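One line per chain: the protein sequences are A and B, in this order.
If you count the first sequence from 1, position 6 lands on 76 in the working numbering, and the numbers rise without skipping.
If you count the second sequence from 1, position 411 lands on 445 in the working numbering, and the numbers rise without skipping.
Hint data in this document are derived by calculation from the structure and do not stem from the laboratory.
These figures come from a predicted structure and were not determined experimentally.
All C-beta atoms in this analysis are idealised placements derived from N, C-alpha and C, irrespective of residue type, glycine included.
It is possible that part of the hints are untrue.
No farther apart than 20 Å at their CA atoms in a straight line, the calculated lysine to aspartate or glutamate pairs in the DMTMM-like style are these [claimed, not checked]:
| # | chain 1 | residue 1 | chain 2 | residue 2 |
| --- | --- | --- | --- | --- |
| 1 | B | 370 | A | 108 |
| 2 | A | 329 | B | 231 |
| 3 | A | 511 | B | 83 |
| 4 | B | 97 | A | 222 |
| 5 | B | 419 | A | 290 |
| 6 | A | 195 | B | 37 |
| 7 | A | 511 | B | 239 |
| 8 | B | 308 | A | 250 |
| 9 | B | 153 | B | 50 |
| 10 | A | 329 | B | 148 |
| 11 | B | 78 | B | 161 |
| 12 | A | 329 | B | 83 |
| 13 | A | 337 | B | 231 |
| 14 | A | 104 | B | 306 |
| 15 | B | 85 | A | 125 |
| 16 | A | 295 | B | 416 |
| 17 | A | 104 | B | 138 |
Some chain B residues close to chain A (C-beta under 10 Å, calculated; not the full set) [said to hold, decoys possible]:
| # | residue |
| --- | --- |
| 18 | 93 |
| 19 | 131 |
| 20 | 172 |
| 21 | 307 |
| 22 | 343 |
| 23 | 418 |
| 24 | 455 |
A few chain B residues that don't get close to chain A, going by computed Cβ distances all over 10 Å [unchecked claim]:
| # | residue |
| --- | --- |
| 25 | 254 |
| 26 | 370 |
| 27 | 433 |
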Amino acid sequence: MSMKQILQQLAHKQSGYVELRWHKRTSNSFLATKGRVDVANHSLTEGVGVRALVDGAWGFAATADVSEAAIKRAIDQARANASLLAKARGSHSIELRKGRLSTKDFTGEGFRELQSMSIADKLGKIIELEHQLAKSSSRMHTARARYTEYLEEKAIVTSDGASCSFQIAQPEVSLSAIVEKDGQRATSNKGAGVSGGWSCLFRHPTLDHMVDEIAKTSVDLLDAKYPEGGRKKVILAPAVVGLLCHEAIGHTVEADFVKAGSVAAGKIGQDVASSLVTMADSGQENISGYAVGNLPFDDEGIETENTVIIRDGKLVSYLHNRESAAEFGVNPTGNARAWLFSDEPLIRMRNTYIVPGTSKLSDMISSMDDGYLIEGAGSGQADSNGEFMFGCGYVWEIKNGKKTNLLREATLSGIAFDVLKTVDAVSSEFQWDLGTGHCGKGQPAKVDAGGPYIRCEINIGGRQS
Amino acid sequence: MSETKDNIKNLSHKLDAAARDTLAYAQKKSADRAKVSASCSIEKRLVVENKQFTLANTLETQKVGIGIHKDQKKGSASLNNYDANGLRQSVDDALALAQFSVPDEYLTMPDAKEAPKAKTLDFMWNDRTSTASLGDLQEFTQAMLARLTKDKRVALDRLEVSTSCMWHGLYNSLGVAQTETQTSLSWSFMGMAVDGDAVSGFDYDGRSVYAWDGALDIALKQCDEFAEKIVKNLHPVKAPTYKGPVLLTPRAVEEILLGTMLYHMSGASVMDGKSQWGDKINTQVVSNLIHLSDDPHSAKFSGATAFDGDGLPTSSRILINNGKLMTHLHDCYTAKRCKTKSTATSGGPFALMMAPGRDDLKTMMNARAEMLVVDRFSGNIDPIKGDFSGVAKSSRYFMNGADKGAVSETMIAGNLFESLSQVLAVSSVTEDVSGSMQMPWVLIDHVSVTGN
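Work the whole structure out from these sequences, hints included.
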């Protein structure tokens with residue numbers, strides 16, 4: 071009997087709402103640097119998480135023992151936990167919106183390929199990439215190649231009708247370099263992640279010529295100056311647009327943050343961006359086929375969709391789970407996600423992006439007198455009031471319509487909606503570019519983000535003399 | 035004995051046996067060296083979102099990690115149960131990875147002589163914490179919730195309170211066997227202040243302690259301070275633009291200064307030639323006002339431990355003495371590569387303390403007519419070059435020692451090596467940071483402040 075069938079049998083015996091989620095994650099991770107293999111790790115995590123809704127309150131329990139008896143004990147524990155909490159909640163009762171409950175069984179592209187591929191081939195490729203990067207420049211101080219793959223298998227059954235399962239693969243690879251000259255050092259890195267197999271990963275456009283590009287950029291940065299600080303007209307590259315979408319806008323429209331009073335609260339229907347901006351969060355991206363956050367359904371068993379957040383500059387939707395959807399009187403958007411079987415689902419993003427426009431990048435540059443092209447997204451954070459901060463890897467100076475000098479890394483900041491209101495051009499070129507690493511919100515989550523090139527005004531952190 | 039303590043004891047016996055069986059299997063499969071790290075925990079957790087209890091959670095977890103050396107090549111594997119067949123498969127997986135890895139003559143593990151049985155840190159287990167029920171946690175949480183939301187302008191996003199009882203064992207095929215039990219009571223909260231259309235910046239705080247008794251008083255004081263702080267962060271003022279000194283709160287000292295200092299002390303950075311302090315032992319590396327130590331046996335800090343990730347018994351040590359670097363932080367591997375001895379800091383340091391200075395906090399705030407006091411930092415720090423640039427969060431603008439209000443859209447940038455070498459003052463008071471370290475307020479110079 072499959073895990074889904076075991077969960078179905080158990081769920082049907084329950085009164086009230088019960089959500090059973092079996093999750094098995096197999097992962098391999100490698101890290102090669104300086105001719106060594108610092109990490110060569112295989113990991114397996116498996117278990118069942120149970121959420122029960124009793125008298126309007128949630129209870130959660132989880133078990134690593136996937137026998138029927140252990141899952142039944144976890145159900146009883148979750149119900150007991152919920153009963154305890156129901157007394158504390160008083161009259162405020164949780165309700166769930168039904169939405170499109172999935173009954174699909176889905177195996178993603180590349181799952182079988184990655185599952186059957188030999189460890190020797192995978193690890194060998196990462197060792198080779200590190201070796202190539204190390205040899206790519208006489209200035210190279212440290213080359214580093216990192217690879218992680220997740221083989222995710224889930225079955226989700228709810229007592230009100232969801233009964234679905236998936237198998238998906240999420241590999242990612244990244245390279246980084248530190249170069250040195252006369253005691254000065256510079257760094258550069260590149261990486262990509264996909265929902266797909268090995269061959270899909272290495273077809274990702276970000277990885278084209280990545281060894282040569284990282285080596286060249288990091289060496290060129292050795293002699294580069296810093297950009298000038300202040301409010302500037304800039305073109306943001308897809309990776310930086312992705313960061314802006316995810317950190318500065320995406321988190322503020324997660325319904326749990328909205329309920330807490332984020333800057334997006336009460337703004338549905340209002341103009342929050344230039345009319346050139348349409349922004350969405352999608353569980354089923356169909357723009358370029360390389361996004362890592364694709365999911366057929368979320369961890370409440372709701373089928374995912376392309377959720378438009380901002381349409382032509384107007385805020386039109388938040389991101390919901392079943393509970394927040396009921397509170398806001400809308401349909402759930404399939405954004406409930408849990409990292410491990412032992413984690414409860416939270417409202418999380420999937421693939422967040424700005425929809426491509428009609429401008430050409432070359433025209434956007436040639437029509438600028440003075441400004442910057444911002445490339446290479448670093449880490450980023452944003453606040454509930456929409457204030458954000460991103461690092462970027464490097465900056466191109468634009469003078470009199472031409473891309474001129476390469477400049478060192480910079481920090482960008484601003485108020486998200488204010489920045490989006492200054493957008494005056496959106497390119498037709500598009501790329502997913504945040505498929506490595508994780509979003510953190512109490513639990514990690516694999517997400518992606520990207521977009522076209524956009525031109526806007528932004529604060530660049532600089533030095534005062 | 036409490037039910038939880040019984041359960042942890044039973045689980046630890048099973049994991050201890052599983053770990054020893056796994057080592058035996060690894061040796062049978064011709065591993066040259068093997069290490070098993072096993073742990074189990076029983077956790078109870080309550081979650082409040084938007085001022086309502088939203089989740090009660092109970093969890094029992096196990097984890098076993100296996101590290102293998104074979105022909106001076108390494109591989110590792112882990113799983114979240116102690117099923118005998120699963121553990122054997124994990125050994126096979128780790129061996130397979132090692133087979134395709136790269137030989138490294140420096141791979142090593144300590145033996146029982148190098149890693150004798152570590153002493154037990156009795157303060158790490160508290161019976162009252164281990165017996166706390168979900169009902170007890172609910173009362174604790176309710177008290178915190180009431181205090182956090184006394185001021186209606188506080189928009190509490192999330193409050194979590196949990197207890198955990200944990201056992202951890204570390205074994206290797208050279209005879210090392212260390213075990214440790216621990217209880218913890220932890221809380222964290224995050225939120226902002228909302229007053230009409232005005233929204234403050236987001237902030238958070240939290241702490242972890244071993245003992246139940248006295249914890250509520252600590253938590254409530256922290257709730258009061260948090261609520262007062264975020265309400266004061268409403269209606270921000272414009273910050274000045276200048277280059278000069280900024281005052282870092284203890285939390286900002288941890289966020290801005292500590293990471294770069296630890297990076298250059300780290301044995302891994304020294305080993306790879308990334309540290310600027312690789313050859314600076316007994317040399318002045320920062321201002322002589324800075325004194326930093328690590329005390330893994332201190333009951334004050336939640337990171338206390340009797341042994342490190344290699345199984346070596348830990349001990350307290352001075353890292354920076356009046357600005358002079360006293361040691362790098364090595365595990366067995368980096369120590370062997372650097373031809374020195376491990377400092378038993380694999381996975382560490384564990385409980386850092388920057389010593390108080392001699393300066394009065396009020397005087398420090400008057401150091402410049404216009405002064406930014408930075409409480410949090412959201413930005414990028416390049417530990418290699420020491421360059422930092424980002425947004426000063428939950429930060430305030432002082433003029434002639436008077437608090438002019440919170441600031442927004444204020445960026446700070448500079449170089450940490452420059453700032454650390456010319457520290458202007460260190461406060462005579464220190465504060466606990468998250469229950470895991472203690473830091474003073476530090477006045478650093480040469481920082482570019484860009485107001486809005």
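* Violating hint indices (sorted, rising) -> Per hint list: 6, 10, 22 and 24 violated.
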